[in-house]
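J.: Sequence:
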Amino acid sequence: MIDKRYHVFISTTGADMQAERSVLAQTLASLGFFSWGLETRTPLTTAFARRQIDDCDYFVLMLGSRYGELSASGVSYVHLEYIYAITKQKPVFVILHESPETRSPDFQEKTQEGQVKFQDFRRQLQRERDMVVTFREPRELEVILRHAMPQLTQRYPSLGWVRPNDGPMQALQAENDKLRLKVQQLTTLGRGRSTARPTPVDAEVEQAFVDIEEKPAPLEVPVVRGDEVVAFDYRVHAYQDGNFRELRPRRQMSWNELLMAMGPGFRPPAPEEDFARIINDYLNISALGDVKDSMPRAHATARCQINIRALHAIKMQLKNNKWIVPVGRDEKHRILWGLSTQGEGQLNKLMAGQRLETGS
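With our numbering applied, the sequence shown covers 88 to 447.
Warning: the hint list may mix true and false statements.
[Claimed, not checked] Capping the alpha-carbon separation at 30 Å, the derived lysine-lysine pairs in DSSO-like fashion look like this:
#1 436 / 419
#2 406 / 91
#3 177 / 204
#4 409 / 419
#5 175 / 402
#6 177 / 419
Treat the hints as calculated values from the structure; they're not laboratory data.
Model the full assembly from the supplied sequences, consistent with the hints where possible.
T.: So this is what it looks like as structure tokens:
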């Protein structure tokens with residue numbers, strides 16, 4: 088079994104959550120997670136926090152009864168970290184105090200504006216996130232984490248970090264050493280081929296090396312046809328009669344339709360994080376038809392957000408189909424993805440067919 092470790096970014100407010108943060112960090116360490124985060128924040132630490140979120144596997148947000156220290160924009164640093172984690176498609180686990188009003192007056196927001204911002208942020212977290220739990224005392228956090236973190240890693244698999252001396256790495260090193268030995272033996276065999284007949288052992292080594300060179304590597308991930316259909320769900324705010332509801336419709340699209348929806352977003356090439364923006368922008372335009380079943384009088388939709396697992400599967404398949412390929416890096420050294428020659432040809436063919444159908 089691979090001994091895999093995950094990096095977790097912990098986002099909490101300041102001294103009012105010190106006891107809870109300590110339990111959180113200790114429990115994560117006992118479960119084999121590396122925890123990161125900042126206890127104090129200033130404008131100078133924002134870039135550092137973002138780099139940590141970029142590198143983390145999971146984002147854990149714990150909120151007590153404060154909105155947190157405000158940035159220059161009037162939004163708390165904790166809220167900004169949450170927004171940044173969402174834009175980076177990080178799996179988010181939220182832990183909320185069950186009764187914030189019962190906490191010590193020293194831990195409450197001092198102003199009416201702060202209390203309003205706290206309540207708005209708390210409702211936003213409850214509305215937007217799948218994994219939200221509540222606690223009353225710091226000692227409950229250990230039980231919560233031991234139950235929730237395995238679910239989080241199963242629901243949202245991540246690359247994590249594997250210790251270099253684990254079994255798979257040792258097996259890989261052994262295979263590498265074996266191939267090096269075969270190359271060395273084959274080189275020696277070639278030098279003496281003109282004057283000596285190869286022994287049965289030499290012939291076996293030579294044939295093994297030929298087999299390694301000639302056997303094609305197996306294709307591990309299938310390439311899908313354009314007419315194959317994929318289903319995924321997403322969140323959307325649907326507006327009806329002056330009110331809105333958050334719905335989770337399920338959409339079915341063929342891979343050709345997905346290419347037509349997303350392909351133009353990679354002209355010119357775009358970085359990895361734009362995958363989510365491109366498909367969410369498309370869903371914002373087309374989601375109204377999906378919500379009519381549950382809200383027949385809905386007149387508008389907004390804030391579409393595709394399921395993170397579905398987004399990952401779509402990204403991987405577009406890459407496996409060689410429709411989207413890396414074409415370089417931008418000034419921030421991010422990999423840029425653009426349409427391949429194959430993807431460009433497929434997209435142009437689909438768009439030409441669409442123009443014929445519509446007569447435009």
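J.: Quick one, are residue 177 and residue 204 close enough, alpha carbons at most 30 Å?
T.: holds (24 Å)
J.: Tell me if the straight-line CA distance from residue 175 to residue 402 falls inside 30 Å.
T.: holds (14 Å)
J.: Given the hint that residue 409 pairs with residue 419, test it: the Cα-Cα distance must not exceed 30 Å.
T.: holds (24 Å)
J.: Given the hinted pair residue 177 and residue 419, is their Cα-Cα distance within 30 Å?
T.: It holds: about 20 Å lies between the C-alpha atoms, which stays within 30 Å.
J.: Residue 406 and residue 91 were given as a pair; does the straight-line alpha-carbon distance stay at or below 30 Å?
T.: holds (26 Å)
J.: Between the alpha carbons of residue 436 and residue 419, is the straight-line distance 30 Å or under?
T.: Cα-Cα ~34 Å, so violated.
In terms of the numbered hints stated before, the structure departs from hint 1 and from no other.
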